[in-house]
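Given the structure of chain A, go ahead and fit chain B onto it with the hints provided.
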Amino acid sequence: MTTLEVHDLTRTFGDRRAVDAVSFTAPGGMLTGFVGSNGAGKTTTMRMMMGVLAITSGEVRFGGAPVTRADRRSFGYMPEERGLYPKQPAIDQLVYLARLRGIPAATARTEAMEHLDRLGLAERAKDHVEKLSLGNQQRVQITAALMGRPRALILDEPFSGLDPAAVDGMVDLLREHTARGVPVLFSSHQLDLVERLCERLVILRTGQVVADGTPTELQQAATLRHRLVLAADAGWVRGVPGVHAVDVDGPTALLELADEATAQRLLATALERGQVRELSPVRPSLAQIYREVTA
Amino acid sequence: MTTLTQRPASAPTEDTTDDGTRGAWLLVAQREIVTRAMNKAFAIGLVVSLVVIAALAAFFTWQSSRVDTYTVAVAGGDATAVASVTAAAELAQTEDAGTALELLEVADDDAARSALSGGEADVWLHPGDDGWVLAGEGHPDGTVSRLLGTAVEQQVLEANAEAAGTSVAELSAGAELTTEALDPEAMGEQALFFAGFALSFLFFAGAITSGSMIASSVVEEKQSRLVEIIATAVPLRQLLAGKILGSSVIAVGQNLLFAGVGLAAVAASPISIALPALSTSLIWFVVFFAVGFLALAALYAVAGALASRAEDLQYTSTPMTMLVMGVYFVTFTASGTFLTVLSYIPVANVVAMPVRILSGDVTWWEPVLSLAGLALFAVLALLVSERAFRGALMQTGGRISWRQALRAEA
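Quick mapping for you: the protein sequence lines, in order, are chains A and B. Counted from 1, the first sequence has number 12 at position 12 by my numbering; the numbering is strictly sequential. Counted from 1, the second sequence has number 27 at position 27 by my numbering; the numbering is strictly sequential.
Same shape as in the complex, but just chain A (with noise of 0.2 Å):
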């Protein structure tokens, strides 16, 4: 299991610090999420993990050392806005782009034809890239990241523009790599896709980290809500000292409570007033979480 880091990384362009000191941990054998608005810099971050854009201040590790060129090397990497040469056969620049990082020819070209076999395009491998649909276009761009037995993967929006079957395809294909201790960081926009996927999360917001752990821990960590369904009117809980009304509508109340003993004197109070049908703890979605942490 290698882990990646990022330590203190800041890039600034002129007088703008697109990245402020981001620290995160994108561990060995799990996929990542790294989420964040339009312009939050995951993109720059991405680029300077890869040695694309030079590094303002901060570090990237790898396996616990500073990485190296070669390191790079051996990672596989999607671009965000991307292309591929549009009047070369998928095949052939699978395989060169491979070469290029040191696969020795056959092996670049056996292992793109499996890739491309169970992406249902073997027919297509010699077709240039511009004559495949957009779809197929992207998932052979993510099969050039997957060339090679790579040590790390960092995929910028590798399923924006994916139908749902096919980002499961791709999903099943990161796992394989996850299950050889590789560290998958990709980046997403879509919340539920993450929420679902990721074994950890990394929010950005303007250039810098605001949330970063499990997806459990994140909902830990989030404030916590409490529902309170009454058999009458539920207004009154305005008033109660140590609570926080969110909404109330009817006989449901959602709060936010200063502390357990408030939640057992809410209740005590609920009590003596009518019927309780329900006192529970709500999880917030990470959906909640994003925009809580964004906003």
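Pairwise CB distance ranges (calculated):
#1 A:D15 <-> B:L257: 50 to 58 Å
#2 A:E81 <-> B:N39: 18 to 26 Å
#3 B:N39 <-> A:S285: 46 to 54 Å
Quick caveat, the hints were computed from the structure, so don't treat them as lab data. No residue lacks a Cβ here, since even glycine has one placed at the ideal position from N, Cα and C.
Frame of chain A, contents of chain B only:
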């Protein structure tokens, strides 16, 4: 082991340690060559050019070996006229001027006129009131008039001399002008002009087409971000080296092919005497072109890196296009001292020096010195371009200036 802390901003730094990327430039060059050779537009262009060169050569050969036969009508068996036509026909043969004469004897002047209008005869030679007349339906052909004029004059002179009791030989003793070429292989002014024109065109066509191909191949990778994948795999220096090498092989190979076809055409033509001089000049041209194109290819690669999209290319490659066009226009009209000066100025000397070599007025060290200057220029261009290329290639969003590109790494 290097750390990436505290590195000043901008372009990624190159790690020069060998980590198995050393041969990458060969892979890049190989791809450039194969892609180019497989490109339909390129292949068609090449074939069309070769056909045009071969066709032009064939046309000139046919033109110069073509014989036009003219029929000369003579009426009533006029002895002087018949003798003149026979003498003129012999003269035409020795001159090899592409004209032959044929005698057509007709009964009288009327028959001669109708032969002219009927097309059986091209001209009609007959005595006039004061000397001789060569009549045609329109104006008679210049060569035919000259040949017949000389022959008639000779005949009449012979007769007049005899009447005066002397001979033409006696009268014209010591008056004959003969021509002599000290160096039979030296080029005439016209041939030199055409050679200069051909060489500057070869330079222009080769530099512009292969130059813009390297520029568009760079921007293709930049626009599609393939270059980011490539940059993580191999040092950008290797990418640039491979691209320059690949496009140079294509450009020089193409010019070798053109030169070969041109020389073969010359060898098959009546001016084959010029072959050795032309070959020497062309070999120098190819050597100069190969060195000069390295510099141009590097500059064109930067033009590609400065652009962000293919549409920007026209703008970013303008300085290079101006340079190539300037060399083209200046060299194909240059002569004398101006040509000598040009033959030492890098890039212009790619054309100017081979033209001077063809004219035969250079000493051996002149091309060598000029080539050394060109090589120095190429090295400088490569160094500056390499820096600008690395500085510009990873910067996205709009066109980048040379200044920004060169500063990026500082």
